[in-house]
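Given chain Y's structure and the hints, the job is docking chain E onto it.
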Amino acid sequence: MKSTHEMLESPEFKTLVRRKWIVSVLLTICLFVTYYGFILLIAVDKAFLARRIGEHTTLGIPIGVGVIVVSWVLTAVYVLWANSSHDSIVAKLKGQVK
Amino acid sequence: MPAQTTLGSPTVSAIAFFLVIVALTLAITYWAAKRTRSTKEFYAAGRSVSAFQNGLALAGDYMSAASFLGIAGLVALSGYDGMIYATGWLVGWPALMFLIAEPLRNLGKYTFADVVAFRLKQTPVRISSAIGGILTVLLYTIAQMVGAGNLIKLMFGIPYEAAVMIVGAVMLAYVLFGGMIATTWVQIVKAVLLLVGVTILTLMVLSQFGWNPGNLYSAVATELGQEALEPGGLVSNPLDAISLGLALMFGLLGLPHILMRFYTVPDARAARKSVLYATGFIGYFYIIIPIVGFGAAVLVGREVITGIDKGGNMAAPLLAEWLGGTFFLGFIAAVAFATILAVVAGLTLAGASALSHDIYVSVVKRGHATEREQVRVARAATVVFGILAVLLGVLFKGQNVAFMVGLAFAVACSANFPALLLSIVWRRFTTAGAVASILTGAFLSVLLIILSPTVWVDVLGNETAPFPLKNPAIVSMTASFLVAFVVSLLSAEPAAAAKFEDEKLRTYLGIGAE
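Residue numbers (numbering that gives the first Met the number 0), protein chains in the order written: chain Y, 0 to 97; chain E, 0 to 513.
In isolation and in its complexed conformation, chain E is listed as follows:
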């Protein structure tokens, strides 16, 4: 088995693919920029995205490099446990469909804070939603940027800081000039490339085993032991597993960059269909990724994989090289790079929209700002957020940031989700309840993660952790709901309760929806 790999040095095919993808996405941005004049275009792509396109864009936004490389690596190194982990990533989407998608689209304009603040007092709710939203986006962005820097360094041999700056500069171009139109189409292109690339990988793996997955699994069992096909230590503590499951399932319903995409489609019916498509694409992805992981474990070998990167993140690219040479590796590397760019662009747009649409326009200007002003502020916020992303990426260099995605989901499900759901379904939900719930959820989830084994022991190096669970969702989300109930019941807000009934025509019939 060849232990040499061209990974780690820039190869002609990798650079070629990389340049083609960047050129293509910048061309898309140029085309999009000519169409981006108003806020409706900058934030919501003019509401012109079809359900199918949005389904691809949503899937693209969700299938990050971390899930592609990380889960393939996890399956390669830990076998069936990786499959268990992969399942959890899909289950939020049905919940999103059943509970949130249509009311979200009907009640809001550009951001999820529109919905939470719909019948409550604008200023306090907008500020708290922005805090919850920006915190989630920042954590997610740090994880993506650090991952991006490491990945590009591993794959192309470019220094970490330069990698982070390149990612920052290119994605800033997408968002600044092309707004939501550009980011949507970049996501669509990247989603197609990713799905095609992983499909090819899967088919090539299966062809090595006579097109029979059973033969692949037999090879895994023979080489790595039957345990690789059995549940291992991942779900040792049921409470921990359920807490993680809750974070993954309901955190999705609080991720600002995902929720934003619902405003790019014309109506609630299209919103609903786009979730169906997205769930299909993402489900397909998580079904075939384990085959890639198992293939890498057998064909490339665990030692080679961990030799390049301890976490196993290079399993899929190494497999691509094994199956299709430097050429295929170049393609997969470029696809992974496109994936990073696209997700960070989406996150930046979400963060910028919280700053500009929620804080500046609704709070500072009390809703009175001209279209031109709003777009200008949105662009300024984009630059601020983009620079912040690069700075944070450089700042966190070398840190073990794997826990940050889990934290982002925990904050999303504790801070953003309860307020969003309750504002849609509960008449007695008040401003005080919303603010208290968002802030409690945000604060508690961050505190408990710091006190958990993932940070207290693994990152800070202490002996045992005060908080036993790796993911705080089951505690912080429950606390957030409890606080929402108690504070709302203690603080009557008759005006908001009265508006609840009127709001129903918009929520369920879409009358007056934007």
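Extracted from the complex, chain Y is given alone in its bound form:
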């Protein structure tokens, strides 16, 4: 059993915290790229999104839907990671603290 201080200093705890933020920041960057990339694409190259992919349907429509879907997928990725590896380490460490 570890004391509060020992847990805070332990390499496993520090790794846990660091890993959580690496995952969070990486996924946030992916989110940024997806959404602000979409916005910048509209600002810079409207013609690309106006390109037709059907009789009248434009490329912009599936891309717009895609941004929403990708955003949700990113949250699912986070939950999958957190529910498996992150939570099991949290449970283990919690059990070690006095």
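It cannot be assumed that every hint is accurate.
Said to hold, decoys possible - Calculated lysine-lysine pairs in the BS3-like style (CA-CA distance at most 30 Å, straight line): (1) LYS1/Y x LYS91/Y; (2) LYS91/Y x LYS498/E; (3) LYS503/E x LYS19/Y; (4) LYS152/E x LYS93/Y; (5) LYS309/E x LYS1/Y; (6) LYS503/E x LYS396/E; (7) LYS469/E x LYS19/Y; (8) LYS45/Y x LYS309/E; (9) LYS120/E x LYS469/E; (10) LYS19/Y x LYS93/Y; (11) LYS93/Y x LYS309/E; (12) LYS108/E x LYS120/E; (13) LYS13/Y x LYS1/Y; (14) LYS93/Y x LYS108/E; (15) LYS309/E x LYS91/Y; (16) LYS498/E x LYS13/Y; (17) LYS120/E x LYS13/Y; (18) LYS364/E x LYS120/E; (19) LYS93/Y x LYS45/Y; (20) LYS108/E x LYS13/Y; (21) LYS120/E x LYS503/E; (22) LYS120/E x LYS33/E; (23) LYS1/Y x LYS503/E; (24) LYS498/E x LYS364/E; (25) LYS93/Y x LYS364/E; (26) LYS309/E x LYS396/E; (27) LYS364/E x LYS152/E; (28) LYS19/Y x LYS498/E; (29) LYS469/E x LYS108/E.
Stated by the list, open to error - Rough simulated footprint, nothing fancy, chain Y against chain E, three-plus residues with beta-carbon under 8 Å: (30) 83-95; (31) 185-199; (32) 280-286; (33) 336-344; (34) 379-391; (35) 427-434.
What the hints assert, rightly or not - In silico negatives: residues of chain Y with every beta carbon more than 10 Å from chain E: (36) MET0; (37) PRO10; (38) SER84.
None of these hints come from the bench; they were simulated from the model.
For each residue, glycine too, the CB sits at the ideal point set by N, CA and C.
Only chain E this time, still in chain Y's reference frame:
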């Protein structure tokens, strides 16, 4: 194409649905009231809400009548630009998950101010957080109440003031007697009704076009021109678009009534899952709403839509009438009404909790108040806030308040979000830094919006605006972070820095979480 519509006069089906929904939600409130005795129940539903239920409640709180009717209308009138706008409304939720959800749940008790004030001096931080929180809630509430009054007048023909008072009275009943348990379940019921209603609308539209969206888009292009399917003037200025995007994305992380919901679930893991569910529901909603908008543009026609309401807010109800007659219109109208009620109830609870939990209990009573006292004060604050909501709704009658939701998000991302994030991740964050950042963010965002084209030109009628951007987020949020850094570095607070390390066990392992 029939230009008559029963919109604007109370129809039997509309009134019937409306009464059923009110009766159902009041029954929920009665059931909830019997269970609401302690502060934990009044503010946090006893922490008994499951992840799935909270996901629905969060989605319900977020999918307001404005987003349902407003975005459907925007797509109907402006085509693809409406879709671009809709996308922005979803992207805050992943950010909420990655940056805030779990630490928020672990560190706080009932409100986000709990987290900001966790290791800092209670009084100044509680007061500033309450200012930022209440300002956000008030702006959001005014927009909802004015929208509610207009909507009910348009749909049911009831006079504006009476509409506002009815909304105020009914939602006050939910919150006063049923607290968070009632508001959560009202949100869940409303979210289900809204998702089902919009799904039915979407399916009915698609059935008119052979179940092929491509045919719908072809009809749009033929009737309204190919431009309706292409990006138009919405994203003309990239800086403006990015600023709006920032406000939408990070403003969500500073909306008190949304953040409050994280305390209704048992733990951080449930908090995390509820965001996943909420994101799914909301994402689905924003994917299908454009189909409703395009369907309305083709089947009902833009002239009819703008004839009833210039802003296009009646696109979805008119489409419901076109597809399913007065009966379906009644259902959609009642769902829109339920949506308004539920969101305003949530906002009132958030405002009341800032007054009672943050100001009265933590500042005035320095944390020493009995449970009974706390619940009593919470109820009193609810009444105060409810009356305020009605008064403001009547006061702002006829005003163009569309900018207020944008302003609420701008205040939320400039005043509330930076302090919240920094208190979780930065050891050197100090009381002075928190107070300075919240007040700077709040003041600057309000000032810049007043000076922006949305208010200076559109509302006040001047020629050109001193501040060029429609949404100040990119300036006010950045300024708020800068102020937080500079002031914190200039004001050392060793006690707070020391507590940061200890706080970590609670933040990341949930030890000691309430």
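**Asked** Hint by hint, which ones does the structure fall short of?
**Response** 4, 5, 6, 7, 9, 11, 15, 19, 22, 25, 27, 29, 31, 33, 34 and 35
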